[in-house]
Amino acid sequence: MAHDTAHHHESNTKRIWTVFVILSVITLVEVILGIIKPDFLTETSFLSMSLLNWIFIILTIYKAYYIAWAFMHLEGETKGLRRAIVWTSIFLISYLIFILLTEGGYIYEVYKTNHVAWDF
Amino acid sequence: MEATVVRTGTEGKTWGGGNEPLKASYGKLMMWFFITSDALTFSGFLAAYGFSRFKFIDSWPIADEVFNHFPFLHGVDAPMYYVALMTFILIFSSVTMVLAVDAGHQLKKGKVTFYMFLTIIGGIIFLGSQAWEWKNFINGTYGAVYTEGGNILQFIDGDGHRVALSDIAVPEASVRVEHEARNGIWFESERSLPSYSIEEVKAGFGENSDLLIRTQMVNEEGEKTILSREESVAKLNSEAVGVIEGANLTRNEYGPPLFADFFFFITGFHGFHVFSGVLINIIIFFNVILGTYERRGNYEMVEKVGLYWHFVDLVWVFVFTFFYLV
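Protein chains in written order, with this note's numbering: chain A, 137 to 256; chain B, 195 to 520.
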């Protein structure tokens, strides 16, 4: 692959700097939101998590998308390779997070309603 | 040995061999295999962190109160600025890395060298920053006392500001001496004692009627619960059994022990990745200077270490979110 691309490769410098600006702006937004912590975002709860946390997580995934697509050049790979990497990870990681967080929430309930004291 | 059969009669067919359905070289594919499995390892750690956090959802430390240091701003409350700076450094070193890969595609040796150099510098600065972050975390700022059940009690004054142990404790005459290996029969030593004993803290707390205790429980407003003066005195005298300053793997002054354990383990594991990345980058950097890839006619090696380096950046984006923001 590299042998035939090396000779007629366009420079992507402009794209790289655009992505850098996007990533920086998102990070800046995250930090500003993290310092201000607007009340309406921390108080509104959606699926047992505050709206602010959801925003952080979505922005993080958005950043991850840009890093993987532009910097790791997944956008230029074949569909097969891209899907093998992205779908495998997304499926396994979502499953892992789902079972572990559910279990963690359950243990919290047990601690809270149990007859055994742990705050002593 | 007989000559092996070289013709199968399936040349040119789908399974006849010689196809490259993914159109990627062997090395690049293997790097992707590694990255995917490493991504699952990190997800395992982060999901375990999430598990523990959900388990202690109402007593987990508030990140802004733990990570609020900035170089040369001693005593100033600066939440998040430092880690934001670290994130920028890592993202920027990712940019210089991808610029090096881009220059490699055009076989521009000088540019590759320059950008690789910047990437290495960025990586080293990041590692240094992380060491400083660890230093603050391990030393702690205020100190706290812990109860028999392993919970943390912190001190605040009437205005709600945190108060350090050194401002509370009254030094007493009868100080417990640290047990050293040479004094005992079994030549075992104990962990170094904290600067103040629990009795000194209790005495000081009793004398200063301004002081209150803050527990690790988070209330409805998302802040740590503050006890009244009577409750504080009662709690401290009946439950507190020891003093903790900073953090180690068994206790920390911030909250549940798991908080420090996961902090050390996940940022440490990430830092180790950055460290290996810097080493690999240095090796490739010298290969570029020596002209290895110039002679080879392609800079794919730079691309492969680039993939690793971006992956390290990718992981940091998630660590940043789950340790500092959420």
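Any given hint could be a false lead.
[Unchecked claim] Some but not every residue of chain A turned toward chain B, in silico, with C-beta under 8 angstroms:
(1) 172
(2) 176
(3) 207
[What the hints assert, rightly or not] Pairs of lysine-lysine residues, derived as DSS-like cross-links and limited to a Cα-Cα distance of at most 25 angstroms, are as follows:
(4) 498/B with 302/B
(5) 248/A with 429/B
(6) 429/B with 396/B
(7) 248/A with 418/B
(8) 217/B with 215/A
(9) 207/B with 217/B
(10) 215/A with 429/B
(11) 173/A with 418/B
(12) 150/A with 302/B
(13) 150/A with 207/B
(14) 498/B with 215/A
(15) 217/B with 498/B
(16) 222/B with 215/A
(17) 222/B with 302/B
(18) 222/B with 498/B
In short, the hints are calculated from the structure, not lab data. Glycine residues also receive a C-beta, built at the ideal position from the N, C-alpha and C atoms.
These are the hints, each one checked on the structure:
The restraint placing residue 172/A at the interface with chain B is violated, with a minimum CB-CB distance near 11 angstroms, outside the 8 angstroms limit. Among the interface hints, the one on residue 176/A is violated; its C-beta lies about 13 angstroms from the nearest C-beta in chain B, farther than the 8 angstroms criterion. For the restraint placing residue 207/A at the interface with chain B, the shortest Cβ-Cβ distance is roughly 4 angstroms, inside the 8 angstroms limit, so the hint holds. For the proposed pair residue 498/B and residue 302/B, the alpha carbon gap of about 17 angstroms is at most 25 angstroms, so the pair holds.
Between residue 248/A and residue 429/B, the direct Cα distance comes to roughly 20 angstroms. Compliance with the 25 angstroms bound is thereby established for this hinted pair. Between residue 429/B and residue 396/B the CA atoms are separated by roughly 11 angstroms; this keeps the pair inside 25 angstroms, and the hint holds. As the CA atoms of residue 248/A and residue 418/B are separated by approximately 17 angstroms, the hinted pair is consistent with the 25 angstroms bound. Note on residue 217/B and residue 215/A: the hinted pairing holds, with a Cα-Cα distance of about 10 angstroms set against a maximum of 25 angstroms.
Restraint check for residue 207/B and residue 217/B: satisfied, since their Cα atoms lie roughly 17 angstroms apart, inside the 25 angstroms limit. Note on residue 215/A and residue 429/B: the hinted pairing is violated, with a Cα-Cα distance of about 62 angstroms set against a maximum of 25 angstroms. For the suggested pair residue 173/A and residue 418/B, the alpha carbons sit about 16 angstroms apart, so the restraint of at most 25 angstroms is met. Distance restraint check for residue 150/A and residue 302/B: the Cα-Cα separation of roughly 17 angstroms lies within the 25 angstroms cut-off, and the hinted pair is therefore satisfied.
Between residue 150/A and residue 207/B, the direct Cα distance comes to roughly 41 angstroms. Violation of the 25 angstroms bound is thereby established for this hinted pair. A hinted pair counts as satisfied when its Cα atoms are at most 25 angstroms apart, and residue 498/B with residue 215/A qualifies at roughly 19 angstroms. With a CA separation close to 15 angstroms, the supplied pair residue 217/B and residue 498/B stays within the 25 angstroms bound. At roughly 15 angstroms between alpha-carbon atoms, residue 222/B and residue 215/A fall within 25 angstroms of each other, so this suggested pair holds.
Distance hint between residue 222/B and residue 302/B is fulfilled; the C-alpha atoms sit about 21 angstroms from each other, no more than 25 angstroms. For the hint linking residue 222/B to residue 498/B, the alpha-carbon distance of about 6 angstroms falls within 25 angstroms, and the restraint holds.
Violation of the numbered hints given earlier is confined to hints 1, 2, 10 and 13; the remaining hints are satisfied by the structure.
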